[in-house]
Every structure is written in C-alpha cells, then in structure tokens.
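Hey, can you work out the whole structure from these sequences and the hints?
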Amino acid sequence: MSGCVFCGIVAGRVPAFRVVDEPDGVAFLDTRPVFKGHLLVVPRSHLVTLADLPVEALTGYFGLVRRLTVGVEAGLGAGGTFVAINTKVSQSVPHLHTHVVPRTKGDGLRGFFWPRTRYVDDAEAASHADRIRAALPGRA
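Each residue of the sequence shown is one higher than the one before, counting from 1 in UniProt numbering.
Certain hints may be false.
Calculated pairs, DMTMM-like style, for lysine to aspartate or glutamate (alpha carbon to alpha carbon, straight line, at most 25 Å) [said to hold, decoys possible]:
(1) Lys88 to Asp30
(2) Lys88 to Asp122
(3) Lys36 to Asp52
(4) Lys88 to Asp24
(5) Lys36 to Asp107
By construction, these hints were calculated from the structure, which means they are not laboratory data.
Source: prediction; values computed, not measured.
Spelled out as structure tokens, the structure:
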C-alpha cells in the first residue's frame, strides 16, 4: 500500500535491519525498541488488523513468530520473550505487526503496560464472558 512504511520495508524501498524475509512474513528490528533485539514481524501483504489475516495464513505467520521467539532467546541469551499485537488502539502503524521483545529477569518491564482492574463480582465477570462468547464469529 502506498504510504505504508511497513509495506515499504517489505518491498525493500525503506531500509530496515531485516532478520527474516520469507513468504510468510518479514521480521526486522524496531527502530524504537523496548529492549535491544525487539523485532516487528509483518505479513508481506498489507493487512491492517489481526482479523484481516486470512485463516489459511495463520499457521505460516504464527509459525514464523514462534520461530523468532526461539531465535531471540537463543541468539540474545534472553530469558524469554514478550509477544504482543495491538489492534487499532495503540497501533502506531496501520499494518498488522507482532512485537517480539526479548526479556530477562529484572529487566524492569512489569507485566502489562496498562493499569489493571477487577470485576465487581463473579456475575459481572460471567456477563463479560457471555457477551464475548455471543459475539464470536463462526468457526472456520
């Protein structure tokens, strides 16, 4: 897509420190990493959100993400990884991308990046679960 920086990286028009360039996606270093080695993994085609990723592409795309988590841990000596996708809210580039962030014990990153809350009671929790379940699209 014209004007999309991630499409430019995939096409080779925008420079990036690529780690992987495969049919299932492209992975490159984030220019503003949470920690050094923070990767962004993008599908080759311009898709805005996870919901836009075709079902038939799930295995290949998330297989690539999985392989990269192993590579980040082994290659950087990380104790683990944080894997995340923002969809619409806080999605700074409107092109599906998955963050793979190296983690080490004591790195200062504490859980999620947002405040936590509690349900008033079990009935409120059950109501939220029911509303989500009722809105789920059919199985593919």
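Consistency of the hints with the structure:
1. Lys88 to Asp30: With Cα atoms ~19 Å apart, Lys88 and Asp30 stay inside 25 Å; holds.
2. Lys88 to Asp122: violated, 29 Å
3. Lys36 to Asp52: violated, 29 Å
4. Lys88 to Asp24: Holds - the C-alpha atoms of Asp24 and Lys88 are around 22 Å apart, at most 25 Å.
5. Lys36 to Asp107: The given pair, whose Cα atoms are some 12 Å apart, holds under the 25 Å limit.
The earlier numbered hints that this structure contradicts are 2 and 3.
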